[in-house]
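There are 2 protein chains.
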Amino acid sequence: MTDHAFFMAKAYDQALASYQSGGVPVGSVLVRGGEIVGEGHNQRVQKSDPIAHGEMDCLRRAGRQRSYRDTVIYTTLSPCMMCTGTIILFKIPTVVIGECVNFGGNEQLLRDRGVNVIDLKDPRCIELMARFIRERPDIWNEDIAE
Amino acid sequence: MTDHAFFMAKAYDQALASYQSGGVPVGSVLVRGGEIVGEGHNQRVQKSDPIAHGEMDCLRRAGRQRSYRDTVIYTTLSPCMMCTGTIILFKIPTVVIGECVNFGGNEQLLRDRGVNVIDLKDPRCIELMARFIRERPDIWNEDIAE
Numbered sequence: 001m002t003d004h005a006f007f008m009a010k011a012y013d014q015a016l017a018s019y020q021s022g023g024v025p026v027g028s029v030l031v032r033g034g035e036i037v038g039e040g041h042n043q044r045v046q047k048s049d050p051i052a053h054g055e056m057d058c059l060r061r062a063g064r065q066r067s068y069r070d071t072v073i074y075t076t077l078s079p080c081m082m083c084t085g086t087i088i089l090f091k092i093p094t095v096v097i098g099e100c101v102n103f104g105g106n107e108q109l110l111r112d113r114g115v116n117v118i119d120l121k122d123p124r125c126i127e128l129m130a131r132f133i134r135e136r137p138d139i140w141n142e143d144i145a146e
Numbered sequence: 001m002t003d004h005a006f007f008m009a010k011a012y013d014q015a016l017a018s019y020q021s022g023g024v025p026v027g028s029v030l031v032r033g034g035e036i037v038g039e040g041h042n043q044r045v046q047k048s049d050p051i052a053h054g055e056m057d058c059l060r061r062a063g064r065q066r067s068y069r070d071t072v073i074y075t076t077l078s079p080c081m082m083c084t085g086t087i088i089l090f091k092i093p094t095v096v097i098g099e100c101v102n103f104g105g106n107e108q109l110l111r112d113r114g115v116n117v118i119d120l121k122d123p124r125c126i127e128l129m130a131r132f133i134r135e136r137p138d139i140w141n142e143d144i145a146e
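Taken in order, these protein sequences are the chains called A and B. Numbered per the UniProt record's numbering, the first sequence spans residues 1 to 146. Numbered per the UniProt record's numbering, the second sequence spans residues 1 to 146.
A portion of the hints provided could be inaccurate.
Treat identical chains as interchangeable: a pair holds within one or across any two.
[Stated by the list, open to error] EDC-like mimics (lysine to aspartate or glutamate), calculated; alpha carbons at most 20 Å apart, straight line:
| hint | residue 1 | residue 2 |
| --- | --- | --- |
| 1 | K47 | D112 |
| 2 | K91 | D49 |
| 3 | K10 | E135 |
| 4 | K91 | E142 |
| 5 | K91 | D138 |
| 6 | K91 | E146 |
| 7 | K121 | E107 |
| 8 | K91 | D70 |
| 9 | K10 | D138 |
| 10 | K91 | E127 |
| 11 | K47 | D13 |
| 12 | K10 | E127 |
| 13 | K121 | E142 |
| 14 | K121 | D138 |
Derived by calculation from the structure, the hints in this document are not laboratory data. None of these values were measured; they are calculated from a predicted model.
All chains, please: the whole structure from these sequences, using the hints.
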């Protein structure tokens, strides 16, 4: 298993845990030098926290960092505009996404700002997200402010 | 006192409270129909939370909202790229900023995405932020990932 597949599986575990507790199934892992610095998942339902998308919860749990220039962030779903802005602000050089089939559109903005975007097109990530959107369109639309 | 001056004074109170507890002095207030829905301030120092900029803490404290299309967000300092992305995602139509002297640069991106940006050029906001940057450049640079 490649590093990317290994850490995406960790992000998927976070997404699945969120799904199993009734939440939005997006998970994320922050990695530095092959070690996990933080991991998390969407907390809109679980903590009634509208800013806690998967990537945001992961970065919060990682705590204060002097720099992110030597990190990689993994996320099961292509980043929304909030998470895109955060990745750009924090100068995270690489984002590995599980998929951009169920949601996407900010990949080019990330690339325009110098971020390396790698799409794994992960069938498990696609299937879990599609299932949630089908089952709970109300929560999903709230989460992306649609 | 105009509505904008009134709510910016509330945001300033948040910023000042953060400064007085050793934190980054950026405060924010979310308003709907003349009523405060949420208010907050930067929590990097107080909660070791790197994603809790003033606007983000305010939006978190406001809790889940079905829509932000009828809201105005006030912030003592021009939004960084994270907060800019969040305002765009949440479709908040108007952001009133205290100042963009000490930090700025995302106003045009906000306007390009249809957000109305109003700069109050508030002397108290400018002075408090300048004082903090002078006193704690280490924390300030960490907060904007410089």
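Comparing the hints with the structure gives:
1. Taking the shortest alpha-carbon separations for K47 and D112, neither the intra-copy value of 33 Å nor the inter-copy value of 33 Å comes in at or below 20 Å.
2. Within a single copy, K91 and D49 get their C-alpha atoms only as close as 24 Å, which misses the 20 Å cut-off; across copies the closest is 17 Å, which meets it.
3. Proximity of K10 to E135 under the C-alpha cut-off of 20 Å is found in neither arrangement, the shortest distances being 24 Å within a copy and 41 Å between copies.
4. In the homo-oligomer, the alpha carbons of K91 and E142 lie at most 20 Å apart only across protomers (12 Å), although the nearest pairing inside one protomer, at 28 Å, exceeds that limit.
5. Proximity of K91 to D138 under the C-alpha cut-off of 20 Å is restricted to the inter-copy arrangement: shortest distance 17 Å between copies versus 33 Å within a copy.
6. For the homomeric pair K91 and E146, the shortest alpha-carbon distance between copies (9 Å) is at most 20 Å, but the shortest distance inside one copy (28 Å) is not.
7. Taking CA atoms no more than 20 Å apart as the test, K121 paired with E107 passes inside one copy only; the shortest distance there is 14 Å, against 34 Å between copies.
8. Taking the closest pair of Cα atoms, K91 and D70 come within 20 Å of each other only inside a single copy of the chain (9 Å); across copies the shortest separation is 32 Å, beyond that limit.
9. Taking the shortest Cα distances, K10 and D138 never come within 20 Å of each other, neither inside one copy (27 Å) nor across copies (33 Å).
10. Neither within a single protomer nor between protomers do K91 and E127 lie at most 20 Å apart by alpha-carbon distance, with minima of 30 Å and 28 Å respectively.
11. For a Cα distance limit of 20 Å, the shortest separation of K47 from D13 inside one copy, 19 Å, qualifies, whereas the shortest one across copies, 27 Å, does not.
12. In this assembly of identical chains, the alpha carbons of K10 and E127 lie at most 20 Å apart only when taken from the same copy (16 Å versus 45 Å across copies).
13. Within a single copy, K121 and E142 get their C-alpha atoms no closer than 25 Å, and across copies no closer than 34 Å, so neither meets the 20 Å cut-off.
14. Taking CA atoms no more than 20 Å apart as the test, K121 paired with D138 passes in neither setting, with 25 Å inside one copy and 40 Å between copies.
Going down the numbered hints, you'll see the structure goes against 1, 3, 9, 10, 13, 14, while the others check out.
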